[in-house]
Amino acid sequence: MSDTKRLKEQILAISGVNPRKCMKCGKCSGACPAYDEMEYHPHQFVAMVEDGRIDQLLASDSLWMCLSCFACVERCPRQVEPAHLIEGVRLALIRQQNQNHLHAEDIPPKLNDALPQQAIVSAYRKYSK
Amino acid sequence: MQVNEKEFKPLIVAFCCNWCSYAGADLSGTNRLNYPANVKIIRVPCSCRVNPMFVLRAFQRGADGVILCGCHPGDCHYTTGNYYTRRRMTLLFSMLDYLGIERDRTRVEWVSAAEGAKFAATMNDFVATVTRLGENKRLEDLRCKKQ
Amino acid sequence: MQRIGVFVCWCGSNIAATVDVKQVAETLKSEPGVVFAADYQYMCSEAGQNLIKDAIRDHKLTGVVICSCSPRMHEATFRKTAAAAGLNPYMVEIANIREQCSWIHKDKAVATEKAIILGRAAIAKVHLNAPLTPGESPVTKRALVIGGGIAGIQTALDIAEAGFPVDIVEKQPTIGGKMAQLDKTFPTLDCAACILTPKMVDAAQHENIHIYAYSEVEEVKGFVGNFSVTIRKKARMVDPVKCTGCGLCTEKCPMKKVPNEFNLGMNNRSAIYIPFAQAVPKVATIDPAYCIKMKTGKCGLCSTVCEAGAIDYTQQDELVEEQYGAIVVATGYNPIKLDQFDEFAYAQSPDVITSLEFERLTNAAGPTAGTLLRPSDGKHPHTIVFVQCVGSRCDGGKGKSYCSKICCMYTAKHAMLTREKYPDTDVYVFYIDVRTPGKNFDEFYRRAVEEYGVHYIKGMVGKVAPQADGTLLVQGSDLIENRQLRLNADLVVLAAAIEPDASARPLATKLTASMDTNDFFTEAHPKLRPVESPTAGIFLSGACQGPKDIPETVSQASAAAAKVIGLLVKDKLKGNPCVAHSNEMMCNGCSSCEKVCPYGAITYVDKEFRMPDRTTAIRRVASVNPAVCQGCGACTVACPSGAMDLNGFSNSQIMAEVDAICK
Amino acid sequence: MTYSYYPGCTLKNKARELDDYARRAAAKLGVTMEELPEWQCCGGVYPIAKDEIATKLSSVRALMAARDAGQDLLTLCSACHHVLKRVNHDLQTDEAVQTKVNNYLAPEQPYTGETKVIHYLEMLRDVVGFENLKKQVVNPLKGMKIAPYYGCLLLRPSAVLAMDDPENPAIMEDFIKAIGATPVAYPYRNECCGGYVAMEAPEYACKRCNAINASAASFGAEAIITACPLCMYNLRQNAADPLPVYYFTQLLARALGVEEDEA
Amino acid sequence: MQEAMIRRAKELLADGTVNRVLGWQRGEFVYDVTPAVFASPDELDASFVYNDFCGANLSKYLVAESRKEGKVLAFLKPCDTYSLNQLTAEHRVVRENIYAIGLPCEGKADVEALKAAGAAGITGIADGGDTFTVHTLYGDQTVAKADALAERCANCKSKQCVTYDELLGENGAVQNSHRFDMVEQLENMTADERYAFWQGELSRCIRCNACRNACPACTCEKCVFDNPQSGIANTAPADSFEEKLFHIIRAFHVAGRCTDCGECSRVCPQHIPLHLLNRKFIKDINELYGPYQAGADVAARGPLTDFTFEDCEPSVVHERGVN
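So the sequences go chain by chain: H, A, P, B and C. Using the working numbering, you'd call the opening residue of the first sequence number 1 and step up by one each time. Using the working numbering, you'd call the opening residue of the second sequence number 1 and step up by one each time. Using the working numbering, you'd call the opening residue of the third sequence number 1 and step up by one each time. Using the working numbering, you'd call the opening residue of the fourth sequence number 1 and step up by one each time. Using the working numbering, you'd call the opening residue of the fifth sequence number 1 and step up by one each time.
Calculated from the structure, these hints are not laboratory results. Don't take each hint at face value.
As the list claims (entries may be wrong) - Calculated lysine-lysine pairs in the PhoX-like style (CA-CA distance at most 25 Å, straight line):
| id | chain 1 | residue 1 | chain 2 | residue 2 |
| --- | --- | --- | --- | --- |
| 1 | P | 171 | P | 510 |
| 2 | P | 527 | A | 118 |
| 3 | H | 24 | P | 171 |
As the list claims (entries may be wrong) - To give an idea of the chain B side of the interface with chain H (calculated C-beta under 8 Å), a few residues:
| id | residue |
| --- | --- |
| 4 | 13 |
| 5 | 45 |
| 6 | 79 |
| 7 | 157 |
| 8 | 166 |
| 9 | 191 |
| 10 | 197 |
| 11 | 198 |
| 12 | 199 |
| 13 | 233 |
Backbone N, C-alpha and C define an ideal beta-carbon position, used for all residues, glycine too.
Produce the complete structure using the sequences and hints provided.
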């Protein structure tokens with residue numbers, strides 16, 4: 001099996017998403033509040049994973065822009081769950097050695113008095129392994 | 001009957017529904033697709049006409065294998081008949097298996113009127129399977145044995 | 001003991017080349033009961049048939065076995081031959097020694113041996129055959145059409161034109177259905193009322209048509225050719241004979257705040273009302289949920305002003321029973337409710353409307369007299385966004401998995417008409433796919449784009465956000481431009497999926513007609529019998545069978561009418577005699593057979609029996625209606641006692657074949 | 001009515017008021033909140049990946065503790081509620097997760113999602129009842145125009161969270177009415193505030209919060225209420241010209257007359 | 001319990017609710033009880049009995065009794081109520097003519113097992129929770145229930161009365177039983193072992209028809225085995241085929257309708273575990289078509305008169321288990 005294929009299968013397995021269910025209506029991207037921040041948009045994640053163009057996604061900042069707000073999951077008419085797929089791609093990256101997006105040492109300078117613990121815990125959970 | 005004593009030729013009874021599988025069998029004839037002559041077909045209006053009694057009767061009288069063929073689920077001429085067949089035969093076959101009777105002696109296959117090739121292939125395969133099993137001993141009635 | 005004749009066909013060399021036909025005839029001649037055996041080159045030829053006929057007469061045959069090609073080929077031929085010689089046609093059995101023997105085997109010895117066995121099986125069966133006569137049942141030459149929309153009206157008109165009486169049962173106070181609510185029709189843009197209302201009038205005035213408006217089907221008994229239907233005529237509180245439809249009562253009625261369902265609640269009507277000007281019958285109806293007199297006992301104004309004296313507050317529902325030979329279902333569709341899709345803010349803003357509401361907003365008889373105005377403030381909208389596939393093509397629980405089929409075209413129509421009438425409006429259509437298969441349909445859609453400048457955007461709307469300034473911020477994707485569009489719209493129109501009318505499921509139960517999981521009626525065969533239900537005598541017209549536009553609905557309506565006419569012209573229906581029958585002495589009355597019967601052919605009766613000890617007992621026993629039974633045999637296996645058996649394929653016949661084969 | 005209560009880490013620290021007001025109001029309403037002994041952080045985010053087990057265990061421990069106490073599990077922080085509810089749903093529906101979790105924790109009685117997770121707002125609506133709550137209000141917040149802010153965590157995915165209509169919810173609006181104030185309807189009440197990027201990319205979070213804040217203000221809101229400490233932080237810190245933001249429990253306590261410490 | 005039952009029966013006879021009582025009659029020995037109909041208080045006093053030997057399922061008698069004049073009082077154990085429901089669903093009884101009193105049941109004793117446990121000269125029995133106290137001519141003896149319960153009671157599926165007009169005592173609940181364990185054991189044997197097992201069991205069949213005659217699902221007006229026209233009528237287990245044919249067809253005829261009351265095995269004089277055939281069907285139905293308990297719900301559609309489009313194919317038999 002090629003690396004791309006293996007990567008794709010890994011992403012599909014951990015996300016539980018079947019991109020073939022997508023009918024390319026674009027409602028996910030129509031609903032997405034992070035759209036403008038993203039180079040690749042939710043519907044493109046679905047299409048590109050299906051198509052095996054995963055390297056481009058892994059290299060893109062779009063990975064870190066998804067807010068996991070589940071608007072796309074809620075509204076997708078085909079129950080594709082794009083946010084879960086994006087998480088799958090994100091995990092495919094950060095589960096690799098030295099690919100953490102957020103490092104413990106980066107955190108102290110970002111702190112301020114009002115910042116709730118929750119923000120630190122969740123960002124750390126979300127962006128690192 | 002003049003059968004070579006050494007070579008075991010199983011007797012197969014095939015129940016075929018009139019609308020799909022019997023027509024499928026006709027089609028395999030039309031296309032000259034061979035299958036062994038020891039397959040004998042009984043025409044029934046629908047696979048759901050086949051009573052478990054008939055299956056047992058065939059074994060009793062000396063059949064070595066019994067196969068039911070019907071329209072594919074969803075295509076039944078009577079809309080729902082084969083769905084009942086499916087449940088009944090699943091349970092019957094499971095019971096035979098539970099009693100230790102070789103599970104490969106019974107089969108249900110869905111064959112449409114267009115599937116002449118499938119009909120022939122199915123029969124060839126079934127005959128081969130039953131030939132491997134040998135004579136039906138576990139559901140035989142000694143009184144019905146040929147002398 | 002039967003006197004059986006065996007006839008072995010050569011079929012030229014088709015059989016004779018691989019099967020020793022002489023040996024087959026000879027061997028079978030010594031089977032018990034066989035008194036005659038012959039072989040011939042072409043048994044189906046005239047000479048061959050004469051051979052059979054002569055043998056039947058000369059040898060006083062009571063049963064005939066033909067060893068030939070498949071019964072699917074010539075069973076009917078040989079049955080006719082037997083009948084011509086005075087033998088009951090069901091005393092003929094075919095042994096298939098061509099398709100299932102000579103054509104698949106090469107070794108002559110093997111094929112001959114098999115042919116003999118197949119012949120024996122047929123002989124064994126014939127021994128147990130009994131003469132069968134197809135049952136006959138009379139046909140009531142009257143049809144019932146359930147639903148008075150364009151489908152029901154067209155079917156009724158066609159049947160009536162052929163000379164048969166037809167009744168239409170419509171649950172609303174008027175016939176007309178959904179089409180009466182539409183403004184224009186695609187792709188010709190002729191006005192819906194202009195083409196529908198004449199048909200409504202035709203139906204009302206046709207001597208062969210009787211309309212039961214404001215009525216519902218209560219109960220259906222019987223079977224093809226002989227249905228007995230109870231119709232509930234709901235109380236209108238108005239005598240339809242006396243009412244002249246002058247409308248004075250509706251003007252004088254003091255209760256004027258009733259949401260007008262004809263305009264989808266976008267304006268109000270009075271408690272006594274006539275749904276619309278061209279209603280048929282044009283008779284007033286009192287809405288008891290709002291009528292002051294009905295609720296408090298005081299008022300009675302309508303009665304005072306009615307010169308015809310048609311108002312009757314004491315009127316009760318009335319049940320009538322009618323006999324029919326055929327029933328046509330034409331119960332139509334409705335747009336789905338949109339509570340599951342409030343990302344489009346339908347519940348949050350009055351300016352988010354459905355396409356059917358849009359029809360009323362552009363209809364001259366609608367709440368705005370045909371001027372397109374926003375429901376919220378009555379202002380003219382300048383930017384309109386249409387959203388396609390709202391609830392259609394949805395997987396999972398929220399919407400419908402199917403394509404609603406009509407939305408692409410009516411949206412193109414709405415967009416085009418808007419641009420034509422109000423050139424200062426910007427019109428956007430968000431679509432997933434534009435589906436326009438149909439005569440002149442794609443051309444129509446292209447005209448909307450090319451001539452009328454409608455903006456078609458490939459993509460779906462993700463959210464509609466009502467703004468403080470009264471506009472609607474529509475956020476959706478533009479997949480071609482790879483951008484997220486945000487449009488400030490004045491009006492958003494949702495193409496809601498359509499679903500079968502809620503009355504369809506209970507009706508299907510009454511009719512024992514089958515439905516799919518979406519509650520659309522199932523056709524007997526999707527290609528070969530598309531306008532018939534699998535239940536004999538029940539026919540399907542219009543959107544009750546699946547989403548359809550008007551041209552398709554009318555075609556199907558006429559097709560259903562043709563099928564009904566084909567049934568009603570017959571004086572008697574001849575059945576297939578190979579039907580199930582129940583031995584009453586053995587029947588347990590357990591209902592197993594009834595449950596598996598796909599045709600509702602089995603009913604139960606309580607019958608008095610003389611018992612062996614000279615007492616009498618009432619027992620519940622199954623009774624098969626031979627006119628409805630199609631002979632599948634599902635019941636025979638469901639029956640634990642073996643009381644249920646099948647003519648022509650009886651338990652003993654099949655077992656005799658098994659025995660003969662296994663001998 | 002007695003609940004097992006899961007406060008979560010932020011409520012012990014930066015969001016003490018959210019917890020404190022909730023407890024006071026509950027006492028007034030006759031609801032007992034028994035904080036789970038030795039609860040652990042829920043992790044702050046629901047682990048979406050199908051193969052994540054370890055990150056779900058802390059939630060399962062809390063769920064199991066409530067089950068063993070024979071009580072429903074009450075939550076307050078939106079994030080904790082989201083995580084607990086979804087992990088619980090996994091345990092109810094996903095056999096693989098069920099097996100792995102139970103193998104790992106080896107509890108005396110296997111846990112298969114028996115606990116009912118209920119948010120404080122749901123408790124107010126479904127157990128106390130908003131009509132009943134209204135009767136107990138001593139200090140109605142008359143004339144106050146309040147914008148409810150749901151965010152994303154309480155509502156989606158609705159098939160699992162099942163709190164309210166995900167697109168047109170009413171629970172906070174009804175709550176606002178019950179405490180005597182006027183709810184302000186605005187379309188961004190269920191839009192994400194950008195919580196996860198609040199620390200990393202505050203300028204991005206700003207955009208989201210501005211949109212929400214401005215939308216609420218445009219419809220005449222005078223204040224915003226939330227159930228989430230992170231939303232609260234974001235809306236206060238990362239919106240231009242921010243409206244006052246309150247925890248809904250604070251206004252609840254105020255309406256019930258228990259906002260000020262009695263001691 | 002017996003006194004309470006007699007008292008209530010007399011009341012119902014007296015107030016005209018019923019005109020006869022279906023219950024158990026004492027026989028020569030205390031464990032020798034037979035179903036009987038009592039028409040008067042005197043008859044009740046004389047011979048009505050209820051004890052831990054009253055295993056017989058009375059519901060089948062209602063097929064005939066409920067068609068007679070007037071209402072009949074029937075005492076039904078939980079098992080029996082399932083059968084009554086099933087018979088009601090199949091229109092075999094006239095439910096309106098039955099006044100059913102549901103009885104709680106903690107399991108009935110198997111007298112053979114008691115004897116095997118050493119009890120001789122049995123004169124009485126009392127339920128002691130986990131034990132039976134057996135009164136004998138030689139004094140009382142305590143036998144653990146685990147050793148003395150009928151198999152069907154040891155693997156009780158339900159202590160809940162599912163239909164009744166009144167209850168004597170508390171209603172129980174559906175049990176989490178291990179009734180399919182033995183079926184599973186058999187399934188896990190090889191085909192040869194299974195064949196040997198059943199050959200050993202079924203070859204003992206003497207075709208006395210007791211199983212059929214006791215079975216509340218076997219109420220056909222005319223049984224196929226008694227009908228020369230059916231093609232399978234026979235009266236003796238002439239050879240191993242006939243033994244199998246009879247039991248397969250019988251199990252198949254009651255498949256989806258058998259409530260697993262265990263009467264077949266209880267009455268078999270040859271101690272053939274016939275319930276294992278019925279349970280195989282029940283287990284298959286539960287596993288393949290979803291849990292179904294015949295008799296639990298009068299309105300339920302039986303699994304063999306029903307289907308789904310997604311049902312498994314018969315080839316599932318070839319794909320699972322041990323060959």
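### Task
Go through the numbered hints given earlier and state which of them the structure violates, listing their numbers in rising order.
Hint 3 contradicted; others consistent.
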